[in-house]
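Peer 1: Chains as they are written, first to last, in this note's numbering: chain A, 1 to 317; chain B, 1 to 503.
Since the hints were derived computationally from the structure, they do not count as laboratory data.
Watch out, some of these pointers could steer you wrong.
[Claimed, not checked] Cβ-to-Cβ under 7 Å is the rule here; a few derived chain B residues that face chain A: (1) Met71; (2) Ile114; (3) Glu232; (4) Asn252; (5) Leu269.
[Said to hold, decoys possible] Derived DMTMM-like pairs: lysine to aspartate or glutamate, alpha-carbon spacing no greater than 20 Å straight-line: (6) Lys312/A / Asp300/A; (7) Lys281/B / Glu232/B; (8) Lys273/A / Glu210/A; (9) Lys26/B / Asp177/B; (10) Lys285/B / Asp311/A; (11) Lys285/B / Glu35/A; (12) Lys145/B / Asp30/B; (13) Lys312/A / Asp62/A; (14) Lys285/B / Asp300/A; (15) Lys285/B / Glu254/A; (16) Lys406/B / Asp59/B; (17) Lys312/A / Glu92/A.
Cβ coordinates follow ideal geometry from the N, Cα and C atoms, glycine included.
What follows is the residue order along each chain.
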Amino acid sequence: MLRRIADHLFWMARYLERAEWRARLADVNYHLLVETPTKDPHPWAPLLAITGDGELFAKYYDAPSETDVLDFFTLQTRNPSSIVSCVNAARENARSLRHRLSSELWLEINTLYLDAQQWMPAVFDQQGVYAFFNELRNRFHRLSGISHATMPRDVEFDFMTLGTMLERAENVSRMLDSKYHYLLPRLEDVGGPIDRMQWAAVLRSASALEAYRRVYGNQIAVARVVEFLLFDEAFPRSARFAVDRLQAAVERIEHTAHSGEPAVFAADSPGGKLAFLLREGNAEAVIAAGLHEFLMEVQDLCADIGSVIFDKYLRFE
Amino acid sequence: MAIQTAVTEVAASKLSSLTPFWAAYKAHADAFDEMFNRQGAPRAGYSRVLAEFLATHADRFDEIRARADRMFLNEGVTFNVYGDSAGAERIFPFDPIPRVIDAGTWANLEAGLIQRVRALNAFVADVYGEGCILKDEVVPADLIKTSPQFRRAAAGIKPPHGAHITVAGIDLVRGADGEFRVLEDNVRTPSGVSYVIKNRLVMTRLVPELMREVGVRSVEHYPADLLASLCELAPSGVSRPVVALLTPGVYNSAFFEHVFLSQQMGIELVEGRDLVCMDHKLYMKTVGGLRQVDVLYRRIDDDFLDPVVFRPDSLLGVPGLTSVLRAGNAAIANGIGTGVADDKAVYAYTPAMIRYYLGEDAILPIVQTYLMRDPDMRAMVLRDIDQFVLKPTGESGGYGVVIGPKASDRELAETRERIQRDPAGFVAQPVVQISTHPTICGHRADGAVEVAPRHIDFRPFVLLGERPRVLPGGLTRVALREGSLIVNSSQGGGSKDTWVMAA
Numbered sequence: 001m002l003r004r005i006a007d008h009l010f011w012m013a014r015y016l017e018r019a020e021w022r023a024r025l026a027d028v029n030y031h032l033l034v035e036t037p038t039k040d041p042h043p044w045a046p047l048l049a050i051t052g053d054g055e056l057f058a059k060y061y062d063a064p065s066e067t068d069v070l071d072f073f074t075l076q077t078r079n080p081s082s083i084v085s086c087v088n089a090a091r092e093n094a095r096s097l098r099h100r101l102s103s104e105l106w107l108e109i110n111t112l113y114l115d116a117q118q119w120m121p122a123v124f125d126q127q128g129v130y131a132f133f134n135e136l137r138n139r140f141h142r143l144s145g146i147s148h149a150t151m152p153r154d155v156e157f158d159f160m161t162l163g164t165m166l167e168r169a170e171n172v173s174r175m176l177d178s179k180y181h182y183l184l185p186r187l188e189d190v191g192g193p194i195d196r197m198q199w200a201a202v203l204r205s206a207s208a209l210e211a212y213r214r215v216y217g218n219q220i221a222v223a224r225v226v227e228f229l230l231f232d233e234a235f236p237r238s239a240r241f242a243v244d245r246l247q248a249a250v251e252r253i254e255h256t257a258h259s260g261e262p263a264v265f266a267a268d269s270p271g272g273k274l275a276f277l278l279r280e281g282n283a284e285a286v287i288a289a290g291l292h293e294f295l296m297e298v299q300d301l302c303a304d305i306g307s308v309i310f311d312k313y314l315r316f317e
Numbered sequence: 001m002a003i004q005t006a007v008t009e010v011a012a013s014k015l016s017s018l019t020p021f022w023a024a025y026k027a028h029a030d031a032f033d034e035m036f037n038r039q040g041a042p043r044a045g046y047s048r049v050l051a052e053f054l055a056t057h058a059d060r061f062d063e064i065r066a067r068a069d070r071m072f073l074n075e076g077v078t079f080n081v082y083g084d085s086a087g088a089e090r091i092f093p094f095d096p097i098p099r100v101i102d103a104g105t106w107a108n109l110e111a112g113l114i115q116r117v118r119a120l121n122a123f124v125a126d127v128y129g130e131g132c133i134l135k136d137e138v139v140p141a142d143l144i145k146t147s148p149q150f151r152r153a154a155a156g157i158k159p160p161h162g163a164h165i166t167v168a169g170i171d172l173v174r175g176a177d178g179e180f181r182v183l184e185d186n187v188r189t190p191s192g193v194s195y196v197i198k199n200r201l202v203m204t205r206l207v208p209e210l211m212r213e214v215g216v217r218s219v220e221h222y223p224a225d226l227l228a229s230l231c232e233l234a235p236s237g238v239s240r241p242v243v244a245l246l247t248p249g250v251y252n253s254a255f256f257e258h259v260f261l262s263q264q265m266g267i268e269l270v271e272g273r274d275l276v277c278m279d280h281k282l283y284m285k286t287v288g289g290l291r292q293v294d295v296l297y298r299r300i301d302d303d304f305l306d307p308v309v310f311r312p313d314s315l316l317g318v319p320g321l322t323s324v325l326r327a328g329n330a331a332i333a334n335g336i337g338t339g340v341a342d343d344k345a346v347y348a349y350t351p352a353m354i355r356y357y358l359g360e361d362a363i364l365p366i367v368q369t370y371l372m373r374d375p376d377m378r379a380m381v382l383r384d385i386d387q388f389v390l391k392p393t394g395e396s397g398g399y400g401v402v403i404g405p406k407a408s409d410r411e412l413a414e415t416r417e418r419i420q421r422d423p424a425g426f427v428a429q430p431v432v433q434i435s436t437h438p439t440i441c442g443h444r445a446d447g448a449v450e451v452a453p454r455h456i457d458f459r460p461f462v463l464l465g466e467r468p469r470v471l472p473g474g475l476t477r478v479a480l481r482e483g484s485l486i487v488n489s490s491q492g493g494g495s496k497d498t499w500v501m502a503a
């Protein structure tokens, strides 16, 4: 396979995953607002903090009103990580490799792209914020279903997996961090009903609430949510799950490419470190030592793995 | 025109179903109507489909057209328009009323096309080889040596079995007498074949029962034929050649076609930056390292192909490719410099070329062509400039063509000046009253769908491998604007499916 094609596959998958998490983040914020009435004059501002887009936002808008944040976060192509920008980037990558995609997958990506060009700020009023993001999330589920149902499990699929899972591990950690940092300003709320509701919203936005309940029952406690979203082996949007899949895909690629260089997941490499953290760690220990620090380390390791993969397999010019 | 006559002849049983849509059809006053003769009876080939057409309600055609457009947009069957903002994609509008060619007419066309492309290929080989046709003064040597398409670098490259032109698209039109004539040859990187196959796919999806009934020849074999022709170019000793399609990238107007063909052939679609030349061999950069390429189907122009030999600023090509070709370690289709054969001035000499190389008379006539480099011809044309079509010799895609009777005084004055400044850069041809075909043309004031005659042309595709292969069909382009003679996709044209009848 061409290195350029591998690069396009990686980024297509990565941008789709990123767009999906954006839709999830908007959804979690929406639920938090509905379920825990707030006196905060700018209840949508946390979204900007989570994604680190506050500065760019301030360049174009005055105050983070709901309308403006939703516009910026979802539709604005001036924001390179808005949902529409991510969809456009994914589609641009897909276009360069559409001869390698199943026609079903290409059609789904292209129609999502064509629809996204039609979205106007009024879409949130017309459809309702919940319905809009819910429908969007369903479309991402459909995309993932179509790629699993129609793409051969070969090295091309592995490069897509790399993009998806790397982005996923990073986003799970970012979402947990956001709850820890921004959504919980008052210490006395910890463990209270508002706190529980907020954690439930976080789980729901990762489509994880039901799966969580199957494992831990009705009790929503911070340590268990962290345990579930970081360390659960079976849930498809946990960081552990993402890293397991990432490692399996990388090892298949290494096997095919016979590069003979040190493996991405060798013990002292970023991959090896991340796998160790997520396989051997547990929530109690991590919270005791500082959840935020742990999550930052996960994000840094993800970035390091990304550059190793780029150097080994994707760099072609 | 009395369409009822046609109906009583071919479809008396369906007379009751004749829709106002067809009854309202009025053929063009002067042009050859492809579907009906002067008496309103169906022409050869159409009789079998006509009954079905006449019974088909206008709304059905309109619906097919709308569904086809939506299908093309969603599937990304689009082309890019240069000059628009980067990434502006348009669909090539589809007209659902197919153009039909009967088996007898096709047999003659096929023979004529093979004859023509063999002669053009022999000409390219000769020009970059011994130059016999120039020494014998059948074609003036200075015309070739000054042609903007002449590539000195092509001299000495000997492709397997002498195939310089692997893919040719020959543009044909039908004059008022109904005879097919060659309007233009395209032997550099002709495009459009993906639309032939996609248009057929639309018709088989939308009117399967009709397709089955009338016996249309299939076009789906083209990618396999193309791949076979490309594999035949592989250096000797290579049993399973690695073939790749070289595209300029996603912003090229024909990018969809590059994607489509590489997908259909199961070969890599590469850009210049995916390739590298080392030790006079061509490689592509894969995840597992370098992999040698034996045959390159290139869809970029000569000028951009190899910055070592041609334009040094080109980022699209592969430095060193020419030396790989010269060493015989890879082949490309089409070869370098084939553009000398489709130059609009060289066109005037094609009948002589066919006689010279094949000892045969041309089966397909060309349009009378006056070279503006000839002082007598120039004087004659400039006297009545508004009676001629003026074409720049170096351009393609309909760019720069001035149609005398339709041009403004100012345009004519400017063209006259340009011809006087650069006589060798122009040819003139009489205006061909090109044929028309019933075409869906939007809606009338009362909301009814309208069918009207629109001018069409035809681009069949010829592959020259160890043996010639002709796609049974081709791209019928239609000028959707009333009265327009320009069918190019970049200038408001659309396309129709072309049905070559099996018998």
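Peer 1: State for each hint whether it applies.
Peer 2: Each hint, compared with the structure:
At about 10 Å, the closest approach between the beta carbon of Met71/B and any beta carbon in chain A exceeds 7 Å, and the interface hint on this residue is violated. With its C-beta approaching chain A no nearer than about 30 Å, Ile114/B sits outside the 7 Å limit, and its interface hint is violated. Hint status for Glu232/B: violated, given a least beta-carbon distance of 23 Å to chain A, over 7 Å. Interface restraint check for Asn252/B: the shortest CB-CB distance to chain A comes to about 12 Å, outside 7 Å, so the restraint is violated.
Checking Leu269/B against chain A: minimum C-beta separation of about 5 Å stays under 7 Å; hint holds. The straight-line distance between the Cα atoms of Lys312/A and Asp300/A is roughly 19 Å, inside the 20 Å bound, and the hint therefore holds. For a cut-off of 20 Å, the pair hint linking Lys281/B to Glu232/B stands: about 18 Å separates their Cα positions. Under the criterion of a C-alpha separation no larger than 20 Å, the hint pairing Lys273/A with Glu210/A is inconsistent with the structure, at around 30 Å.
The suggested pairing of Lys26/B with Asp177/B holds, with an alpha-carbon distance near 19 Å, which does not exceed 20 Å. A hinted pair counts as satisfied when its Cα atoms are at most 20 Å apart, and Lys285/B with Asp311/A qualifies at roughly 14 Å. Distance restraint check for Lys285/B and Glu35/A: the Cα-Cα separation of roughly 54 Å exceeds the 20 Å cut-off, and the hinted pair is therefore not satisfied. In summary, the hint linking Lys145/B to Asp30/B is not supported, as the alpha carbons are separated by about 41 Å, beyond the 20 Å threshold.
Restraint check for Lys312/A and Asp62/A: not satisfied, since their Cα atoms lie roughly 44 Å apart, outside the 20 Å limit. Taking the CA atoms of Lys285/B and Asp300/A, the gap is about 30 Å. The hint is violated against a cut of 20 Å. Proposed proximity of Lys285/B and Glu254/A is supported: the alpha carbons are some 16 Å apart, at most 20 Å. At roughly 34 Å between alpha-carbon atoms, Lys406/B and Asp59/B are farther apart than 20 Å, so this suggested pair is violated.
A hinted pair counts as satisfied when its Cα atoms are at most 20 Å apart, and Lys312/A with Glu92/A does not qualify at roughly 23 Å.
In summary, the structure is inconsistent with hints 1, 2, 3, 4, 8, 11, 12, 13, 14, 16 and 17 from the numbered list given earlier, while agreeing with the others.
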